[in-house]
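Go ahead and model the full structure; you've got the sequences and the hints to work with.
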Amino acid sequence: MHRIRLISALVALTLLAAACADDPPPEPTPVVVAFDDGWGQLFVMNIDGSGLRQVTPTVGEDSRDPNYGNDAALSPDGEQLAYARGRFIEILDLESGESRSVHEGGYEPAFSPDGSKIAFTSNGSIDIMNVDGSDAHVIAQEESAFGATFSPDGSRVVYVTGGYLNEVSVNGGESTVLLRDQFWNSDPAFSPDGSTLVFSSNRGGNNGSEIYAMPSGGGEITPLTDTYAVHPKFTPDGSRILYDRAVTQAGELVTDVATGSQPEIASMNPDGSDQKRLTPRSLSGQMPTVGGGR
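Per our numbering, residue 511 is the first one in the sequence shown, and the count goes up by one each step.
No lab work stands behind these hints: they were computed from the structure. All values reported here derive from a predicted model rather than from experimental measurement. Please note: incorrect hints may appear among the correct ones.
[What the hints assert, rightly or not] Restraint ranges, calculated between C-beta atoms of paired labels, are given here:
(1) Glu-730 <-> Gly-682: 39 to 47 angstroms
(2) Val-648 <-> Val-687: 12 to 20 angstroms
(3) Pro-733 <-> Glu-605: 36 to 44 angstroms
(4) Gln-564 <-> Gly-683: 22 to 30 angstroms
(5) Ser-611 <-> Asn-556: 38 to 46 angstroms
(6) Gly-683 <-> Asp-703: 35 to 43 angstroms
(7) Gly-683 <-> Gly-570: 38 to 46 angstroms
[Claimed, not checked] In silico EDC-like links for lysine to aspartate or glutamate, alpha-carbon gap of 16 angstroms or less:
(8) Lys-627 <-> Glu-653
(9) Lys-627 <-> Asp-642
(10) Lys-627 <-> Asp-645
(11) Lys-627 <-> Asp-587
(12) Lys-627 <-> Glu-684
(13) Lys-786 <-> Asp-558
(14) Lys-786 <-> Glu-730
(15) Lys-627 <-> Asp-575
(16) Lys-786 <-> Asp-766
No residue lacks a Cβ here, since even glycine has one placed at the ideal position from N, Cα and C.
As structure tokens, then:
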């Protein structure tokens, strides 16, 4: 009797294992893009520019409006959007539309690669907290730090101070300078494999910023754009870089954002080729953030 039960159990386990082996792997979450229209309203769309929708309330031109939102950051799974709303950092669930405040006194949130933590700017320092807002503390005490972004392994944070690119452990400690020269460098972002750091800089010689790339450990700096372009972000698979650029009403690219132009969201290959507009001409778009694809 015991032998029969054992054989039956083994057969059941074998059938279960075979069934599990036949199950297809889970579908990755869709890759989505979020951005700010420059008037305190946040939008999301698919990676190809389709499915555009507004996800925060319409506001006036006054940044004191309680619904004014900016500095958006998508979670790695693309399902939540952290952003600054007045004095608060909020997290919006994109499926339910519900938003909750998680911290008072911060802006420019950035999710860690595993989605468990958020780095942000607070009173000129770089702080970090759990995604629910708990355990908020300083990791880089500076006078004018901003623009935090995590390394792909989640162990480090790169940020900007005085036009320099700096790096610090998520546990705090001494910061390391990654790029320091006579130019203004900002908007750092890693490639998914951590090998490349893209950023914007005014080293091109015109009155605006352009996008550049360099090895994350330092090395030769390569220009990716030759007209005004800022806020680069890699897609999750590393195949494209999203950014915002300035165009005239006729759709012509400009070198200086102060020429009566408006920003639009575009994408390009990691070497700067195949630059394409993603947002419609009728809508301004800036500060893109990407999530999903996991």
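Here is what the structure says about each hint:
The hinted window of 39 to 47 angstroms between Glu-730 and Gly-682 is violated, with their beta carbons roughly 31 angstroms apart. About 19 angstroms separates the C-beta atoms of Val-648 and Val-687, a value consistent with the hinted range of 12 to 20 angstroms. For the pair Pro-733 and Glu-605, the beta carbons lie near 39 angstroms from each other, so the given range of 36 to 44 angstroms is met. Separation of Gln-564 from Gly-683 is about 41 angstroms and departs from the stated range, judged on CB atoms against 22 to 30 angstroms.
At about 28 angstroms, the CB distance of Ser-611 to Asn-556 disagrees with the hint of 38 to 46 angstroms. A beta carbon spacing of about 25 angstroms between Gly-683 and Asp-703 contradicts the range 35 to 43 angstroms that was offered as a hint. Separated by about 44 angstroms at the C-beta atoms, Gly-683 and Gly-570 satisfy the suggested range of 38 to 46 angstroms. Distance restraint check for Lys-627 and Glu-653: the Cα-Cα separation of roughly 23 angstroms exceeds the 16 angstroms cut-off, and the hinted pair is therefore not satisfied.
A C-alpha spacing of about 8 angstroms is found between Lys-627 and Asp-642, which places the hinted pair at or below 16 angstroms, so the restraint holds. For a cut-off of 16 angstroms, the pair hint linking Lys-627 to Asp-645 stands: about 10 angstroms separates their Cα positions. A hinted pair counts as satisfied when its Cα atoms are at most 16 angstroms apart, and Lys-627 with Asp-587 qualifies at roughly 13 angstroms. Restraint check for Lys-627 and Glu-684: the C-alpha separation of about 20 angstroms exceeds 16 angstroms, so the hint is violated.
With a C-alpha separation of about 10 angstroms, the suggested pairing of Lys-786 with Asp-558 holds against the 16 angstroms cut-off. Note on Lys-786 and Glu-730: the hinted pairing is violated, with a Cα-Cα distance of about 26 angstroms set against a maximum of 16 angstroms. Among the hinted pairs, Lys-627 with Asp-575 is inconsistent with the structure: their alpha-carbon atoms are about 28 angstroms apart, more than 16 angstroms. With a C-alpha separation of about 19 angstroms, the suggested pairing of Lys-786 with Asp-766 is violated against the 16 angstroms cut-off.
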